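There are 2 protein chains.
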Amino acid sequence: MNLKKIIQNNQLEPYFVKGSFGIEKEGLRTDESGHLAQTDHPAGFGSRNHHPYVQTDFSEAQLELVTPALDTLKQQYQWLKALHDVVNRTIDEDEFVWPFSMANILPEEEDIPLIKVDDYREIRYREKLAEKYGRKKQMISGVHYNFSFTPEFLEKINSHVQSEENVDEWCNDLYLKMSRNYLRYQWVLTYLFGASPTSHPSLLDSETIGPVRSLRNSQYGYHNTFSDNVSYESIENYIRDIEELVQNNTLYEEREYYGSSRLRGAGKNVCQLVNNGTRYVEFRSFDLNPLDPLGFSYEQSLFVHVYLLTMVWMDEDNTDEDIKVGIAKNAATALEHPFEPSQYKEEGLALLKRMKETSMELDLSDDYTAVIDKAIHLFHHPKETLSARIVEEQKSRDSFIEYGIELGKRYKQLSLEKPFLLNGFETLEMSTQLLLFDALQLGVKTTVLDEQDQFLDFNYKGDKEYVRNGNMTSRDTYISHWIMANKTVTKKLLKDNDFAVPEGEEFSSLEEAKDYYVIAKDRAIVIKPKSTNYGVGITIFKQTPERADYEEALNFAFTKDDSILIEEYIEGTEYRFFVLDGKVEAVLLREPANVTGDGEHTVRELIGMKNTHPYRGENHRAPLAKIKMGEIEALMLKEQGYAFNSVIAKNEKVYLRENSNISTGGDSIDVTDDMHESYKTIAEEIARALDVKVTGLDLIVPDIHVSSTEENKGYTVIEANFNPAMNMHAYVQKGKGRRLSRKVLDMLYPNIELS
Amino acid sequence: MNLKKIIQNNQLEPYFVKGSFGIEKEGLRTDESGHLAQTDHPAGFGSRNHHPYVQTDFSEAQLELVTPALDTLKQQYQWLKALHDVVNRTIDEDEFVWPFSMANILPEEEDIPLIKVDDYREIRYREKLAEKYGRKKQMISGVHYNFSFTPEFLEKINSHVQSEENVDEWCNDLYLKMSRNYLRYQWVLTYLFGASPTSHPSLLDSETIGPVRSLRNSQYGYHNTFSDNVSYESIENYIRDIEELVQNNTLYEEREYYGSSRLRGAGKNVCQLVNNGTRYVEFRSFDLNPLDPLGFSYEQSLFVHVYLLTMVWMDEDNTDEDIKVGIAKNAATALEHPFEPSQYKEEGLALLKRMKETSMELDLSDDYTAVIDKAIHLFHHPKETLSARIVEEQKSRDSFIEYGIELGKRYKQLSLEKPFLLNGFETLEMSTQLLLFDALQLGVKTTVLDEQDQFLDFNYKGDKEYVRNGNMTSRDTYISHWIMANKTVTKKLLKDNDFAVPEGEEFSSLEEAKDYYVIAKDRAIVIKPKSTNYGVGITIFKQTPERADYEEALNFAFTKDDSILIEEYIEGTEYRFFVLDGKVEAVLLREPANVTGDGEHTVRELIGMKNTHPYRGENHRAPLAKIKMGEIEALMLKEQGYAFNSVIAKNEKVYLRENSNISTGGDSIDVTDDMHESYKTIAEEIARALDVKVTGLDLIVPDIHVSSTEENKGYTVIEANFNPAMNMHAYVQKGKGRRLSRKVLDMLYPNIELS
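Residue numbers (our numbering), protein chains in the order written: chain A, 17 to 771; chain B, 17 to 771.
Rather than coming from a laboratory, the hints here were simulated on the basis of the structure. Please read all numbers here as calculations on a predicted model, not as lab measurements. Errors might be hidden in some of the hints.
One copy or two, either will do: identical chains are not told apart, so a pair holds if it fits within one copy or between any two.
[To be verified] In the SDA-like style, the derived pairs of lysine to any residue whose C-alpha atoms are separated by at most 20 Å in a straight line are:
no. : residue 1 : residue 2
1   : Lys709    : Arg491
2   : Lys90     : Glu522
3   : Lys34     : Glu522
4   : Lys480    : Lys709
5   : Lys172    : Tyr532
6   : Lys21     : Ile535
7   : Lys152    : Asn240
8   : Lys144    : Phe242
9   : Lys461    : Asn513
10  : Lys148    : Tyr273
11  : Lys508    : Thr88
12  : Lys21     : Ile648
Construct the entire structure; sequences and hints are all you get.
Right, here's the structure in full:
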């Protein structure tokens with residue numbers, strides 16, 4: 017079967033260049049002094065039994081980050097970023113992840129902790145590995161790159177294949193060819209991406225060896241020598257050889273096979289590859305890239321993809337003997353001095369030329385050609401390779417360990433700067449980012465179904481749940497949403513259930529609303545559109561309005577909606593009660609944008625200072641908004657007798673806004689623990705009356721310390737919100753943050769396994 | 017307490033003129049020849065045990081329609097209209113409701129069937145009434161008008177009342193004053209609205225009496241003479257007198273008291289009035305108005321309201337002695353000849369003058385002054401009173417009975433003309449009208465919470481449910497709605513569950529969508545906006561598109577949404593499967609607007625003929641839309657070689673539209689029973705996978721008679737609709753209509769009591 021011809025004749029290139037991409041990345045937890053952490057795997061990750069994203073490999077301190085198989089490299093990097101945030105924010109405050117493949121400061125063999133899991137077979141397996149290779153050797157970490165073609169591509173090809181082979185057979189052949197050629201030319205990857213030039217003596221005394229391209233890919237690295245004898249000529253041979261290694265006890269288990277390319281099928285046993293075919297291939301020769309916060313750069317990933325495509329696209333097809341040549345060249349390249357040119361430079365440049373041709377023929381994007389051009393450049397300038405740059409950089413540091421500590425801490429800090437954002441998914445709404453973080457942290461299998469729609473798909477031990485906007489779930493009914501969306505209906509329902517709501521009426525006719533003046537004029541009133549939110553179209557009359565003002569307010573409200581509400585205005589402070597699954601989980605007071613004087617600084621300076629708070633940002637991508645200095649703020653200041661350049665007396669509070677919205681620079685103050693229990697009980701009863709699991713209730717409570725009673729209710733319900741923001745409770749200006757997203761997960765999965 | 021002063025001093029007039037209004041209206045079921053129906057109360061009304069709207073009074077054939085207490089007279093009339101539709105469409109085809117107070121042709125006493133209910137006490141009570149008054153007398157029907165002030169008004173007044181009285185005490189006094197003055201002047205109502213001038217001899221031989229204003233209000237009518245001795249001077253006296261009548265066995269039960277004004281409290285016993293106060297007053301002196309299809313006109317209702325207000329507003333306050341005068345004047349007026357002026361004309365005009373002053377002082381709307389002016393006119397022109405007009409009209413008919421049959425049948429026909437609309441609520445969406453009809457018919461207590469939002473509130477034996485748009489209920493989850501609203505998510509979910517969906521991709525970037533041409537060009541495709549409905553922004557390429565056309569279609573779709581879908585185009589006919597509570601309840605084929613030729617008529621004529629079908633209407637207020645003759649239709653005709661004036665050959669079908677939407681004149685064809693069971697099973701499985709109780713699934717099925725199999729699925733799911741129209745299944749162009757609204761009720765109330 018000539019795959020290339022089939023693709024070309026049938027114009028299947030667009031399908032060929034797609035794929036499914038995953039990354040597994042190991043990394044050692046390290047204490048502040050650069051020693052291997054002796055602590056347990058953090059409890060924050062929940063249970064390792066089911067964790068699809070954060071695992072431990074050989075040692076308790078050896079983290080393994082696993083992305084799911086994803087449709088694009090961009091997604092692969094979204095996930096890799098997000099998982100790094102999850103890890104960096106979950107591990108102990110005084111630990112970080114070691115950025116190099118070669119280990120941090122290791123203790124004596126017997127003090128390297130094996131993983132602590134329930135399954136004794138897993139422990140036993142590691143004990144055997146420890147006996148055979150030594151624990152230290154197992155602490156060398158790396159990156160595995162998982163790749164497969166799309167089912168769509170395979171189906172398309174299959175419909176054009178003329179042979180008698182079934183899809184699994186030629187599919188195995190396809191991945192075998194990729195593997196053979198990969199192994200033949202892997203030295204090129206080591207030349208470009210080798211990144212383990214030196215080592216700490218507790219693992220390996222590399223002083224005597226001198227700096228090299230990749231200790232890990234060399235004879236000093238992490239591999240089994242007998243791997244070289246596994247055949248890639250046919251799936252049958254591949255299986256036979258691996259099974260033989262197990263049968264003669266050279267390998268304890270199939271998974272001990274450390275070949276740079278491993279074919280993976282549906283099941284655990286390699287023999288299943290015959291019946292079920294190769295599902296994906298695992299390429300294992302990659303060092304951690306310490307110059308990238310993620311340990312492997314996006315450009316590397318692009319390069320590997322086009323490298324793999326070329327391995328299939330090229331007419332050349334290597335034999336097991338050629339593979340041996342390739343393995344030898346890789347070992348030799350690994351031990352080259354980073355500053356020296358490659359001894360196989362010409363072969364390397366020839367391969368890169370073929371890769372470039374491939375990318376042309378496949379009409380790949382400029383990103384791909386750019387990384388190939390960069391690689392060509394590196395063959396001409398060895399001092400710019402990764403290994404050379406590391407050696408160069410390390411010179412100005414005291415030691416390998418100092419350098420590792422510096423990089424590791426710096427990368428950790430990147431995740432800690434904005435704890436409210438999840439890198440990779442920072443365009444999602446913040447509530448969804450928080451929930452996604454919690455799911456990834458606890459090991460709930462997640463698919464981001466739709467980024468625009470904030471749609472997540474969870475699967476915990478087969479139990480599926482869908483969530484939109486972080487809090488819309490299957491636990492709520494369709495109709496309760498509509499009840500809350502309709503202010504008149506909400507009020508009617510609450511009134512019928514004897515809750516205190518503002519008196520008022522709904523109008524869909526301007527004339528009738530005008531006639532209502534005879535009643536409205538008796539009281540302080542609020543005029544608002546029926547269905548809009550965020551205070552749009554609202555007018556408040558704290559005193560009896562003049563008829564003209566009243567009618568103007570009506571006209572204004574009617575520009576926003578076909579129906580309006582005229583309600584009595586209730587004096588007092590408004591609090592947001594977040595009720596979740598029957599319980600008030602947070603109570604928030606929102607205060608209009610303000611600054612407090614110090615007798616020295618101007619309003620402008622005070623605002624500037626307040627705006628430096630890390631929680632203050634823009635475009636709804638921070639828990640609080642920066643205070644603006646626009647016309648509204650200037651007017652508000654003027655009413656108080658100030659301007660932006662006024663110096664404010666010590667402890668005097670000056671307001672920049674009348675409205676208390678967070679989005680216009682307001683403060684968020686958590687008062688959950690201060691609010692009298694009676695109001696929390698009322699909020700919980702309201703949620704029950706609305707038959708709703710998630711709601712944000714706005715209650716006006718004049719005195720939160722005085723109990724509500726039958727005679728003096730002490731509260732009025734203003735609104736029930738069906739999609740209440742969770743993020744504003746999580747990171748507050750003052751008081752305790754409340755991680756509501758985690759409570760949503762608890763509601764969906766009450767039996768989630770913790771550590 | 018001077019109520020009027022309190023109101024005036026505190027400007028409470030706007031609260032005083034509000035109220036709560038209800039109507040109870042009796043009416044005899046009648047067979048086609050004008051005899052009292054001998055059939056049972058129709059099973060269609062469900063169980064009488066809990067029916068709040070349609071009851072039976074004395075006889076099995078005596079319907080009683082009961083509106084709830086409503087905030088406005090407009091609402092009172094909405095409900096009265098709707099209940100008439102419910103009754104007229106539920107009673108036997110060959111029965112109608114007798115329009116007169118005086119009965120239809122009655123059989124002998126013993127053949128008048130008493131109500132057939134389970135409660136033996138109810139039967140026993142009627143048996144006693146039958147013994148005492150005779151069954152025939154009980155067959156005289158009338159209208160009761162229930163009125164109360166609003167709680168808000170009473171609270172306002174209470175806060176200004178200076179006395180020691182509690183609210184219940186002075187509230188009783190208020191309603192007692194209203195009653196005393198009502199009884200003193202009720203003769204005016206009888207003069208104006210008396211409408212029982214004659215009777216059929218089977219009830220009463222009125223020939224000897226001659227035509228009068230109101231036989232029912234006269235000594236020949238339906239009342240108990242001892243009523244006159246009940247005092248209205250204080251609540252204590254009122255209670256004492258009624259209780260005495262029961263204790264000395266003059267009355268069997270309190271409810272046998274037939275006074276024209278009855279004070280009603282919270283409980284069944286009149287003594288509870290002292291502790292709980294009067295809740296409303298029932299005014300019972302009204303004859304059925306046979307000249308109004310509802311038996312009581314809106315103008316009458318307006319007049320009674322301002323009459324009642326005047327009875328309170330006037331300084332005059334009558335005594336028990338005055339009431340006796342009033343009762344006597346009423347009896348005398350009842351027996352006056354309809355053509356003669358009132359013997360109390362001056363008193364009447366004086367009262368009307370006071371009513372007019374009242375309406376001025378209370379700033380009532382012109383509608384009110386108009387009905388008072390009309391009444392003044394009637395005092396000057398007795399021949400235009402209701403009773404006179406009936407006598408006049410009856411002259412040209414063979415008999416009282418003929419006249420009754422004519423009117424009764426005509427009024428019934430009004431309800432049958434457009435069975436898909438519910439009069440009074442005809443501005444609601446049709447699906448909501450259907451559901452509301454079903455609820456009223458079966459006696460599910462209903463509140464129309466919000467007409468604009470199609471929001472109904474049901475209460476069946478205390479079990480509350482809310483419904484929006486006829487099918488959004490508490491039975492569906494919040495998230496399943498969002499899953500269906502997002503076409504990409506729906507498809508992903510269905511694909512994961514192995515249902516056949518069109519292949520395709522989502523794009524939010526025009527550039528990426530353009531690049532997809534390399535894949536799109538291989539197949540027939542549909543390009544559509546991700547979230548819009550009704551086919552807006554869709555382009556279909558049944559053959560491989562040219563690149564330019566492809567890009568134009570992309571641009572078009574992107575004008576409608578930020579994201580678009582490019583899917584393979586599936587050949588075949590699309591069917592709408594309506595799945596409800598796990599079961600396919602209807603399958604509909606929609607055919608584009610078309611006419612079939614007869615070799616004689618032009619397209620224009622054929623369209624005209626087709627458009628006369630009663631199901632075809634406009635503005636979504638009919639199950640089918642009229643076929644238009646616009647540009648699109650002309651173009652479509654032209655493509656087939658025709659114009660609007662072409663004569664079409666016999667049996668040739670000509671299409672006016674390419675799209676099959678009902679809203680553009682398409683035909684609806686029910687194929688529920690023709691569709692192969694396997695596809696219905698699949699649709700049910702899809703609904704289960706979506707975890708949804710109500711959905712409209714669009715499936716393309718090339719052959720509905722061939723079973724779906726694992727190898728040849730024979731269907732593709734195109735869309736899952738979360739708010740599927742129910743009405744288009746109810747009244748179809750061809751096939752059997754499916755009343756899905758009734759199934760929604762069954763889902764909400766699986767244990768609803770039938771007859």
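Hints and how they fare:
1. Lys709 <-> Arg491: Result: close both inside a copy and across copies, 7 Å intra and 15 Å inter.
2. Lys90 <-> Glu522: between (50 Å within a copy, 16 Å between copies)
3. Lys34 <-> Glu522: Intra 56 Å, inter 15 Å, cutoff 20 Å: inter-copy only.
4. Lys480 <-> Lys709: Cα proximity of Lys480 and Lys709: in one copy and across copies (18 Å, 18 Å).
5. Lys172 <-> Tyr532: between (70 Å within a copy, 16 Å between copies)
6. Lys21 <-> Ile535: between (84 Å within a copy, 18 Å between copies)
7. Lys152 <-> Asn240: within (15 Å within a copy, 108 Å between copies)
8. Lys144 <-> Phe242: Close inside one copy (17 Å), not across copies (108 Å); limit 20 Å.
9. Lys461 <-> Asn513: between (41 Å within a copy, 17 Å between copies)
10. Lys148 <-> Tyr273: within (13 Å within a copy, 104 Å between copies)
11. Lys508 <-> Thr88: between (50 Å within a copy, 17 Å between copies)
12. Lys21 <-> Ile648: neither (68 Å within a copy, 48 Å between copies)
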